[in-house]
Amino acid sequence: MKSYPDLKRNPLTMIMLAMISAIPLFFMVIFSGGGMLLHGIVGAMISTIGFIGVASAIGEISWDKYIKLREMMVAMPVHPVSYAMGIALAPLLLSIPSLIFFGAIAASWGIFTPTTVFWTIAALLICWAAMSTLSFLISTYLIKASPWLLNQISNLLGIGLIFIPPVYYPETMLGSLSWISVVFPTSNVAGLIRAYLGLLTLPPETILIRWLILIAMTVVFVVLTALKARWRET
Amino acid sequence: MKSIELVKVYHSKEKVEALKGVNITVGKGELYTLLGPNGAGKTTFLRIIATQLMPTKGDAYVLGYSVLNEPKEVRKHIAVVPQDVAAYSSYTPWDYAFHFAQLRGMTNQEAKQAANRALKAVDIYKLKDRTCATLSGGEKRRALIASALASDADVLMLDEPTSGLDAVARRGVWSAFREMVKEGKTILLTTHMMEEAEIVSDRLAIINKGTVISEGTPSEIKGLAKEKYRVLVEGQFDDLPSYGEVAKLGDRNIVYVKTQDEALELLKFTLKMGLRAEASPVTLEDVFVKLVGGLNNKQGH
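In order, the protein sequences belong to chains D and W. Quick note on numbering: the first sequence equals residues 1 to 234 in my numbering. Quick note on numbering: the second sequence equals residues 235 to 535 in my numbering.
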């Protein structure tokens, strides 16, 4: 309900999202001469999902102080889970064109098979789930914070979870510190996608453990959010 | 049949008591206004009935459903427009009316009909496809009201719905409210505009510091005043308090008198003194100010 009008009337939002994710690619091509491009494409896809995921609930809560859409919805026969899913899914609409664009570039290198496409999409979805639930967690526990502060937190999280950990670059470049990639949902997913695309070698048990960590992280975020969130103010 | 009922509702937060044992009943098909100064508890009152806020004590009922124990049932029958809502700039009035109708479970066809009806009711149909970013403040407000109307809810709750609108836009909204009441809808309004409360309401309650201090039709509330007439005097003279209770407004004074004869006597005197004066029956505002505690009042003899 929110993103469709944005998509129709502010299509530049999609282009901005794609450009923000693509900027590091430009520098990677310049400095690596194209050799790191595929790693960068993986990063760009995760960056697109990551930014919209972490901004979803935070942006909505901060905007809602003025638009009060949630207040109107509480007084309607709308289930809180429907509302939350809508908040999380809406920005996904805006990210689809970017994902298709980056996916098409990757596909032109011939690295996709039906199996790798399936697992890449699954990994991107778990990344979106983890980042969205993190966004809900932060906005729930900081519900009294000002919209300005919440937006700054959203931006910092985006930078901290996407540009610094091994999302745009392979975790092997960190040497003995490569285990850090498992700590962040973004770099964890980046490692998984690189493994599926043959850009990184990971044993099957490591892949399984990474999936379990991602699912566990998402579940923890959901549980912590559910403990504090209230549809009706008490 | 009761549409809304509050039974000894309290709300307090961080030692601030917003509502103190409020008891109110609103009949079906009635336009009921909650009138009070800022911080009186109007918004808290409305949010409790709208199932947005839990009362600390007591319960409220909408069409017989408890807001405490049956909020889902209550929500099927209400629509709310909160105070100071900013219209989302990318939305059009159509988006608001249509999508809110869809969220009520209407089919696309039903939602389209409801949206068309609602947009025409608030006279914004011609602007339905313009984004809110391009609309005036009054037009945005009407778009939001249309979203509540499109819901076809039995009970509409609007928190200061005409705040920020010009007189012409306000009249249009009032007209839409009265049309809805004619169709059998119950409307609960909060306002601090006396004119709105007086013109639009079937009944109203004056609330101050969390307590209902008076309730009734606008005429009944105006009838509470012992003084039936007011004389606005531009200027000052020493004997003014001898005519009645005086409310000082800078260099002007309002003198409250009991009878028409007293009002005429004061008018004659002000004419002799060369002062401008104007007499009229007491307004709701006069009674309101008296009930909640007016400014600079001097008791007359």
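If you are wondering where the hints come from, they were derived from the structure by calculation, not from laboratory data. Errors might be hidden in some of the hints.
[Unchecked claim] Distance condition first, Cα-Cα at most 20 Å in a straight line; then the derived EDC-like pairs of lysine to aspartate or glutamate: (1) W:Lys291 - D:Glu233; (2) D:Lys65 - W:Glu394; (3) D:Lys228 - W:Glu248; (4) W:Lys502 - W:Glu512.
[As the list claims (entries may be wrong)] Cβ-Cβ distance ranges computed for the label pairs, FRET-style: (5) W:Gly298 - D:Leu89: 52 to 58 Å; (6) D:Leu93 - W:Lys236: 24 to 30 Å; (7) W:Asp293 - D:Leu174: 38 to 44 Å; (8) W:Asp293 - D:Met85: 27 to 33 Å; (9) D:Ile15 - W:Gly339: 31 to 37 Å; (10) W:Ser246 - D:Phe27: 54 to 60 Å.
Note that the Cβ used here is the ideal one computed from N, Cα and C, for glycine as well.
Hint check results:
1. A distance of roughly 14 Å separates the Cα atoms of W:Lys291 and D:Glu233; the hinted pair therefore holds under the 20 Å criterion.
2. Taking the CA atoms of D:Lys65 and W:Glu394, the gap is near 17 Å; set against the 20 Å cutoff, the hint holds.
3. Of the supplied pair hints, the one linking D:Lys228 and W:Glu248 holds, its CA atoms being roughly 19 Å apart against a limit of 20 Å.
4. Proximity of W:Lys502 to W:Glu512 is assessed by CA-CA distance (about 11 Å); at most 20 Å being required, the pair is judged to hold.
5. The hinted range of 52 to 58 Å is not satisfied by W:Gly298 and D:Leu89, whose Cβ atoms lie roughly 36 Å apart.
6. The hinted range of 24 to 30 Å is not satisfied by D:Leu93 and W:Lys236, whose Cβ atoms lie roughly 44 Å apart.
7. At roughly 60 Å, the beta-carbon separation of W:Asp293 and D:Leu174 lies outside the given 38 to 44 Å, and the hint is violated.
8. Range check, W:Asp293 to D:Met85: Cβ separation about 31 Å, and the 27 to 33 Å hint holds.
9. Distance hint check for D:Ile15 and W:Gly339: the Cβ-Cβ separation is about 36 Å, which falls inside the suggested range of 31 to 37 Å.
10. At roughly 57 Å, the beta-carbon separation of W:Ser246 and D:Phe27 lies within the given 54 to 60 Å, and the hint holds.
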